[in-house]
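Chain by chain, the residues:
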Amino acid sequence: MNHLLTFILFTPLVAALLVFLFGTTTKRAKWIAFAVSLIPLVLSVFALLGFDWTNSQLQFSVLIPWIQDFGISYYLGIDGLSMPLVMLTTLLTTLTTLFSFDVDHKTKTYFTLLMLLETGVLGVFMSLDFFLFYLFWELVLIPMYFLIIEWGGPRRRYAALKFFVYTHVASLIMLVGIIAMYFVAGRELGYYTFNMIEIMQKVHFASSFQYLVFPALFFGFAVKIPVVPFHTWLPDAHVEAPTGGSVLLAGVLLKMGGYGLIRIAFCLMPEAAKYYALPMAILGVISMVYGAFLALAQDDMKKMVAYSSVSHMGSVLLGLAVMNVNGFNGAIYQMFAHGLISAMLFMLCGILQHTFHTRRISELGGLANRLPRLATFFVFTFFASLGLPLLAGFVAELLVFLGAFSVYPALTLVAMISLVITAAYYLWALQRAFFGPYRESLEVHHPHDLTWYQSVPLTVLGALVLFFGICPAPILNVINVSSQYILQLLGGVL
Amino acid sequence: MIDYFWLIPMPVLFTMILTLLFGKKLGLKSAYLGMLGTIASFCMSLSVLPDVIAGTVKQVEFTWFLNFKFGFMLDPLTITLLLLVSFLATFILLYANGYMHGEGGLMRFFAEVQLFTFSMLGVVIADNILQAFIFWEIMGLCSYLLIGFWFHKPSAAAAAKKAFLTTRVGDVFMLIGILILYTQTGSLQYHEIFAAAANMDPFWITAATLGLFGGVIGKSAQFPLHVWLPDAMEGPTPVSALIHAATMVKAGIYLMARFMPLLVLAPISQNFMVIIGLITALGTALMALTATDFKRVLAFSTLSQLGFMVVALGTLNMAGAILHLINHAFFKALLFLGAGCVIHVTGTNNIWEMGGVWKKDKVTAITVLIATISIAGIPPLSGFWSKDEILIGAAHANPIFCGILLLASFLTAFYMFRLYYVVFAGKPRTEKHGHACGKTMLIPLVVLSFFAAFSGLFSKPIARFITGETMAHGSNTVMMISIVVALLGFLLATVIYGWQKISAAKIANTFKGICTLLINRYYIDAAYNWFCNHIVVGLAKVADFFDKHVIDGIIHIVRDVTLLVSKAAKWVDIYIVDGIIRGICSGFVFGGSEIRKTSTGQLQQYLLLIAAAVTVMIALVWGGLL
Amino acid sequence: MLEIGLTHYLLLGAALFAIGLFGAIGKKHVISILLSIELMLNAVNINLLAFSKFLPLSNGAGEIFSIFVIVIAAAEVAIGLAIAIALYRSKGSLDLDKFNLLRW
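So the protein sequences, as listed, match chains A, B and C.
Using the numbering used here, you'd call the opening residue of the first sequence number 1 and step up by one each time.
Using the numbering used here, you'd call the opening residue of the second sequence number 1001 and step up by one each time.
Using the numbering used here, you'd call the opening residue of the third sequence number 2001 and step up by one each time.
Keep in mind that the hints are not guaranteed to be accurate.
[Claimed, not checked] Label-pair ranges, simulated between beta-carbon atoms:
{"hint": "1", "chain 1": "A", "residue 1": "362", "chain 2": "B", "residue 2": "1224", "range": "26 to 34 Å"}
{"hint": "2", "chain 1": "B", "residue 1": "1566", "chain 2": "A", "residue 2": "362", "range": "35 to 43 Å"}
{"hint": "3", "chain 1": "C", "residue 1": "2101", "chain 2": "B", "residue 2": "1583", "range": "33 to 41 Å"}
{"hint": "4", "chain 1": "B", "residue 1": "1063", "chain 2": "A", "residue 2": "49", "range": "18 to 26 Å"}
Since the hints were made in silico from the structure, they are not lab data.
No residue lacks a Cβ here, since even glycine has one placed at the ideal position from N, Cα and C.
Whole structure, please, built from the sequences with the hints as guidance.
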């Protein structure tokens, strides 16, 4: 059990190797990738079962000195904050692998990159050492870049480059913050270490230092979340990325931003976090409302969904910025719920693209008559995303609003505009693309309803969205313990 | 049984799941499956009724997650609505069995109807505002799905979207109300909120009740969010009956009645409610005058009657509101089901294409007549009693309110009889033919007509049961006036449409401007459309432009500047940094090529040089220089 | 009577070496150059023998070296003549000015 996390972390890497070496035929590559990706999933379920959710400390931790001269260690561990995200990552990777069974172009490389991506993301969620964290943080960019540039849409070069450069610049600025902390902490401790937990527990950074470094860290994470106005890489990357890439991008990559913000920026710089709470809340609200309006203006279904991600991730920032238990729980739960729902959304957009070779809403029409199952999934997912009660997104939004209203009532009211706009763009899209008479000209594409490898991931995700909407307790209990702990660190602003 | 009262909605959920599983095979028989569920719920409600009458108030709570609870409560208000909803749903399902004959997508239809019923039961039985809100929203979903049942019709798809979005606007206000209550009282449970209300700042009480009333404006279709209800007629008729009689619009009235303890403390909210209710009651009654679609007339009448109920709530007359809710539920369900039959028989929705239905379908004609008399407020049928109760309450508050309501009820009597004469009297105006109605469609009509006729007679005991107080003694003056007004409305309709002594067209011509205004629904819908299409979508377009050209523009400028800098750096690199290196290199190359010319290949020359060098060295050694 | 000492032998060796060096630098014919080199080698031999005779503790090393030099000179002459023949065959002349194969 000691090295459970190590196994979870590196199985995908092994899988990548296996796929690369033995995935000689398209079919074999798919099945190897799918089969091996089940292992981390099963292991993370074990971790969930073995997880003590009354304990706010890190669990399953592994600490091995690595490069001692610089105080770098191989330090993994999970708590209530990372547990849901690790689950989400392993689950979504498996489902994405299954969903990507229709990839025929350079299949072997595609699945290798997917597996590599999983290791990177898992590493980010598990690492407790700055060096390790940054290593994985950067590792994530590389497979994603290649996924976009090789399997992407017509403007893939632009999108891939924008994605890479934008997020890379942000991570470099974050790195500056990390290095600054490293030196200041080293001076205070008398020895240099990259160990996050040690720095968190033993070092108290001076307020002026915090005010200076926090924005650097925030910028690094805000680009990833993404927060308006640092969001423009996202729609381009999403629209051009292949479906599998979009699913993981929206499902887990965006969560790295929120995760890092809590784990690093908030935990290490509590005073600055409180100092900058209001600007962050304002940015969150702007993201929510502005993102919703942007989504309303889109004709490309995938772009609409991409902007809806901006809007929903804005509520994560709002929930975090209010610094109370409801807000925190809501924000972290929103990351989990949005991971499930946005994965479904992007899968559905992928199916649309695959079936009709277009995602433009204005070119579709009346699809519900022809493809009732696809339409049912669309209706379900859209309603899940617009926050229908008893589906996962509602609990998250409710908690965020409950948390936010007690701190910034006026801002919350502004944020609630997004509820109506969100409903508007989804229902409008449904009306135009799925209802009304069927557009016969679409028949040239010989549309067929879902294949098994499309409906299985969608069904699994749909069932989870429903389950975690009706009983959010299993995940929220885990989250709650960590939120309480982090809030204590923040100075007990409950 | 009383301990397990919270299971009351569950049979409906259970049969809904069964319908989802087996509905494809069962087809129309899904209706019977659904009825099993609603009947079970009805019987369960009935079995706890004696305890509730005896004064038991029950509450059960479970933890949902963290400190959020879900719970159920049973009190007179709850049980009344549970009985009403499950009863009506049973007959609507039975009716649908006949009405939906030959339609596709039956599994979807029946499952959604049952989910709709279940959500309504869920709203009613919830013991906290959050849970009520959850089911409230699910009802919104159901209304969306059912109004858009014939989604291949663009008008149905548009109406469904309109219904959901309009109510969503209201729901946001309701959510604000919930947030206020939670922040102010720290709880979402009704009893805790009411207990804490005494210590709450009046400002927040007013804000919270206004917020909740915002939700009611949405769901119960009050001005200015009433626009969705007439369009909701795009759904199948049983759905209209369900929305108007049993679920959805009644949920709003229920919710405000539930929050009566809070509303009592908020006079501003009360006044606001009365004003909204009056505007709705009168404004929509006027619109009903010019409507030509059978179901639209009924929809406008529902709006108007809901206005009455809201006025009753605003004047803190809970008994009146709930009594009217019950009576309205019966006669409006009956009217819609009757309308469904008429449409079935005549094959059209337009009342001017109908006529002479009396001869074709006697059962429908008689039952609809009962409902019409009832809604018109002519004693002794049910509508009279509850309307009277509302009028008395309004008169107590302010005689002007009462006057406006009287005007509205005059109009009600008038347009309902207009409708009746046009549809049932005279001769068929077109050759269109439908099908005769089957037994499953007629049985509900008969049963409901019985209730529509007599439910008013039990007003006093029901009012006492719900409010715990005996009804105030009615003012005879108000009662007399209301009877006279209703009869006047009936008389006018008879003169114009029954005997046709006065030409309706002439009147319409005289008041052309007003007629156009009414036909266009005061241009409110048009204004909303304009607002959505131009302002909201316009804002979205502006945001999109801003995003593409300003935010991304900045990114692109950064990119271009970076590229420019890199180009400059490239120039510096090639011509300066690399230039120095290459300069040094070419110096060496040149030097080397010059020096190598000394190696002539003449060995003797080399030897000479060596000898000379040795000589020089020796000389240096001798000279002591080395 | 002038005693013949080390200095005389060394002067003879130096004179002989100078003659040889002059020949090696100045002569144009390959064979003459080879002869001049032989002269220089012999001048060295004289020096070696003179030092061996006049210096104490020489242990006959001078004689042994001079024999080595004679042997190597013989081998060298053999190789030198062979090269001269090869050169003559390829160029038809033994005039050194015509050979600049090692140039640059």
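Status of the hints after comparison with the structure:
{"no.": "1", "hint": "A:362 - B:1224: 26 to 34 Å", "verdict": "31 Å, holds"}
{"no.": "2", "hint": "B:1566 - A:362: 35 to 43 Å", "verdict": "40 Å, holds"}
{"no.": "3", "hint": "C:2101 - B:1583: 33 to 41 Å", "verdict": "35 Å, holds"}
{"no.": "4", "hint": "B:1063 - A:49: 18 to 26 Å", "verdict": "22 Å, holds"}
Violated hints: none; the structure is consistent with every hint.
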